[in-house]
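Each protein sequence line maps, in turn, to chains A and B.
For the first sequence, my numbering gives the first residue as 8, with consecutive numbering after it.
For the second sequence, my numbering gives the first residue as 2, with consecutive numbering after it.
Every clue listed holds true.
Chain A side only, calculated, beta carbon under 10 Å to chain B, not exhaustive:
1. Asn116
2. His135
3. Cys223
Computed Cβ-Cβ distance ranges for the label pairs, DEER-style:
4. A:Glu126 with B:Pro59: 25 to 33 Å
5. B:Pro61 with A:Val50: 46 to 54 Å
6. A:Pro219 with B:Thr178: 22 to 30 Å
7. B:Pro59 with A:Pro219: 29 to 37 Å
8. A:Thr176 with B:Pro79: 47 to 55 Å
Partial chain B-side listing against chain A, Cβ under 8 Å, derived:
9. Met116
10. Pro117
11. Thr135
12. Glu254
13. Glu255
Bear in mind the hints are in silico, worked out from the structure with no lab data behind them.
Every residue gets a Cβ at the ideal spot worked out from N, C-alpha and C, and that includes glycine.
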Amino acid sequence: MKRLRLLLSAAALGAVSLNALADPPDLSGVWSITTHVGALKTVDGHAPPLTPEAMKVFEAHRAAAAKGDYSYDGTTECLPPGLPRLMLMREPFEILQKPKVIYFVHQLNRLPRRAYVDEALPTDVDPHYLGYSVAKWDGDALVIDSNGFEDGTVLDNAGLPHSDALHVTERYELSKDGKHLHLKLTIDDPKTFTQAWSAQADYVKKPGYELPEDVCAATPPDKRPRS
Amino acid sequence: MRNLIKTSLMLLGLLFAAATMAAPPPKTLNDSGDPTLALTPGLRGADKAPPGSPPGNPDPHDLNGVWWMSGYQYLLGPEPGVAPPLKPEYLAILERRIRAKNRGTPEADASTQCMPHGMPRIMESPYPIEIVQTPERLTFLHEVAHNLRRIWLNRDHPKNVPHTFLGDSVGHWEGDTLVVDTIGLNDRTFIDDEGSSHSTQEHVIERYRKIDNGATLELIMTVEDPVTLEHPYSYRRVFRWRPDVRPQEYVCEENNRNAPVNGITVAK
Numbered sequence: 008m009k010r011l012r013l014l015l016s017a018a019a020l021g022a023v024s025l026n027a028l029a030d031p032p033d034l035s036g037v038w039s040i041t042t043h044v045g046a047l048k049t050v051d052g053h054a055p056p057l058t059p060e061a062m063k064v065f066e067a068h069r070a071a072a073a074k075g076d077y078s079y080d081g082t083t084e085c086l087p088p089g090l091p092r093l094m095l096m097r098e099p100f101e102i103l104q105k106p107k108v109i110y111f112v113h114q115l116n117r118l119p120r121r122a123y124v125d126e127a128l129p130t131d132v133d134p135h136y137l138g139y140s141v142a143k144w145d146g147d148a149l150v151i152d153s154n155g156f157e158d159g160t161v162l163d164n165a166g167l168p169h170s171d172a173l174h175v176t177e178r179y180e181l182s183k184d185g186k187h188l189h190l191k192l193t194i195d196d197p198k199t200f201t202q203a204w205s206a207q208a209d210y211v212k213k214p215g216y217e218l219p220e221d222v223c224a225a226t227p228p229d230k231r232p233r234s
Numbered sequence: 002m003r004n005l006i007k008t009s010l011m012l013l014g015l016l017f018a019a020a021t022m023a024a025p026p027p028k029t030l031n032d033s034g035d036p037t038l039a040l041t042p043g044l045r046g047a048d049k050a051p052p053g054s055p056p057g058n059p060d061p062h063d064l065n066g067v068w069w070m071s072g073y074q075y076l077l078g079p080e081p082g083v084a085p086p087l088k089p090e091y092l093a094i095l096e097r098r099i100r101a102k103n104r105g106t107p108e109a110d111a112s113t114q115c116m117p118h119g120m121p122r123i124m125e126s127p128y129p130i131e132i133v134q135t136p137e138r139l140t141f142l143h144e145v146a147h148n149l150r151r152i153w154l155n156r157d158h159p160k161n162v163p164h165t166f167l168g169d170s171v172g173h174w175e176g177d178t179l180v181v182d183t184i185g186l187n188d189r190t191f192i193d194d195e196g197s198s199h200s201t202q203e204h205v206i207e208r209y210r211k212i213d214n215g216a217t218l219e220l221i222m223t224v225e226d227p228v229t230l231e232h233p234y235s236y237r238r239v240f241r242w243r244p245d246v247r248p249q250e251y252v253c254e255e256n257n258r259n260a261p262v263n264g265i266t267v268a269k
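Extracted from the complex, chain B is given alone in its bound form (with noise of 0.2 Å):
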């Protein structure tokens, strides 16, 4: 009987060690060590086309074709596991929003609500995203959630700029890369899927620039906001030529089982 016991102790030791050298503890905000403060952790994303697709196109100015991101962060900050440089404030409302998302009622944002995710978030999905580009303008038709962005390269900000989800972007070549300027953006969207807070002043600059010889197109994000943010700041992402994927129907509406109640993200 004892043995047993021993055995079955010894047991459960190894499976639990088995079990945490299998999922190491979460990342916690800025390394906190706080369990309360447990980040999502991000996925791996789009691997590149499978052997036998279509080469890249090397044109560096044809963005067009089907892109999808190769890793994806829950969290947007200038590192992962780092957060956006909130003010005091709005990082406090980060920490609010990432513990009500642990105890299991996450805050209700846009997206939950199949609205538009807004910037930069849109462009951190694991969904692919296609580039329809036409003389004058980019199209950005996105899977999730049809999001749609227009880019357009035949003009600048109209002076009074309408505040939508996803703002008003132009965008010119400088070289080989395309900068992309966005304002205009209501605040009802996060920053990110963990809740930094942005407000109707951000400002978002967006550097594209094709690598790989096609293959691949790097993105440098820069995040401007004088309400929410102590200073601006950058990431890196890239996205796989994806030639293979065709973009499918998404329709959030239909089955929109994580309605808000309250302001809280209920499962039904």
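The shape of chain A in the complex, shown without the other chains (with noise of 0.2 Å):
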């Protein structure tokens, strides 16, 4: 009995050292978003716990949209929509996975993001409209950690605000058969909610799909698709 029970020990750890090994998941290819979303929720479907002055503002840009004033929004010029809510866009996206950088190329304007793998989150840098972002393997889940943001851009398709101190965390799970992906978003910003949230998003693999020259400058901005 005792021997049985070093016998399975040494497998146990043999198990874990051979998973360390093991390459991580191939996340490559193109991916569009399952279910569209509109205004986020957190995973067990409330609203997001905004601060009472975070509220008015996400309440002033829903008057303005009610209104058809969309300029809150920088995606009606082209900009960058910022995360997450990129990626919750109805545009598909490809990942091209290297193992020092996890590439996203959007069809939406083109528009690229890296994240540097097992790299430190800087603690002094511009903002970018995209942030900054890092990635680690956690197990077999892709984990990417990103700060760095304009506050001028919105966290969702309904206007949800935040400032400066917005930290993403994107946790990406691959399913069995390798044809969906699971996307859980905790979303910190404590000048904006009253406490870290998270969301959750899916994606199914779109084998065989090219993602064609989308050029939101040479569309007019009445043609521009609304999300």
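Both chains are given apart, each in its own frame, so use the hints to dock them into the complex.
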């Protein structure tokens, strides 16, 4: 019995080290969101926990949108949508996976994202629309941490605001059959929300789909699709 | 008083001489000597990677990495300062555009409006280009205005190629040279920054080859256009291997102060 237990622990140890040595799953390919996300909800289906001040900003965005005034939304001028909104768009994106960099290339206005693998987030970074991203593998999950955001973008297609203190964590998990990708998002922004909260989105693989050349500036403003 | 004037004149003369020595008169289109056809001087472009950078990858079939052009020309002819072999009516259009630029009212082209730069112009960029190579494809991520090219290694051009800003590109290896063939270009872009015209029948062939043990990428660019060109022509460029450079977010749309008004680029 004792011997069996020893054997079993040896097997368990072997499995762990094999797992650590195994290549991470390959997320490469073209992905498309399965269910369009208009307004982000928490994983429990609640409204995000906005602070009272941020709630006023959000309500102002909603009131403007109701009157057809989207001037708060830079995507109407072809500016990048920021994160996580870019991941919630109808347009597909592709992942190019390399050992040191994970590239996300979006159909939407051909926007690229780079997540540098096994690096620390910079503490002092110029603000970018799509922030600064680092990635690591947590078992079979790809975890991307981003900060350094412009505060002029909104978090979702409903106009949810954020501040320059935004920290986004994305956790991507591939389904067993490799055809679906699940994203769990965590939004941490103490200037906008009373606590950190999580949301989710799902993607389906589009084998053989070539992303067309999408040029926002070549599309007249009244013809641009509204997300 | 007279001496003072004399000295001042001498000083002025010296200053003028120094100024002319520092800045020789700009080249003019095809050495015409016509100042209204002055060309924008080229840029020095990127140097080799700084000391201590990882060495280039000598594998001739692996083009992954960040590449940055050495030297940059605003006019993309067979030689610096020489126009592409444009047919007379298109040479006249180029002259019109150069004169408009020199008057301070350049004609608005696609890139002024944050659209892609077209071919071959996008490969003539003072910004870095990151190549991501995967088994079936090369993806060119250009820093400038997030231009994006996909070079397919696993298929031919589709039968009905749509006309796009950067066209449809397919590639294959000939020994250590990657040969890229591009068609399906719209005619909203110029061949170059000075304003040489191309048509939707433009056909561009690029030949890429690593030299210097992977520290340099050589490009032989060939441009054909039965509508605007008398005959095809080629030029050579080199890109430096720059593992120390990370391409940055470039948002043309953010601060487009040079917006076109009635076809003229106007600084606001």
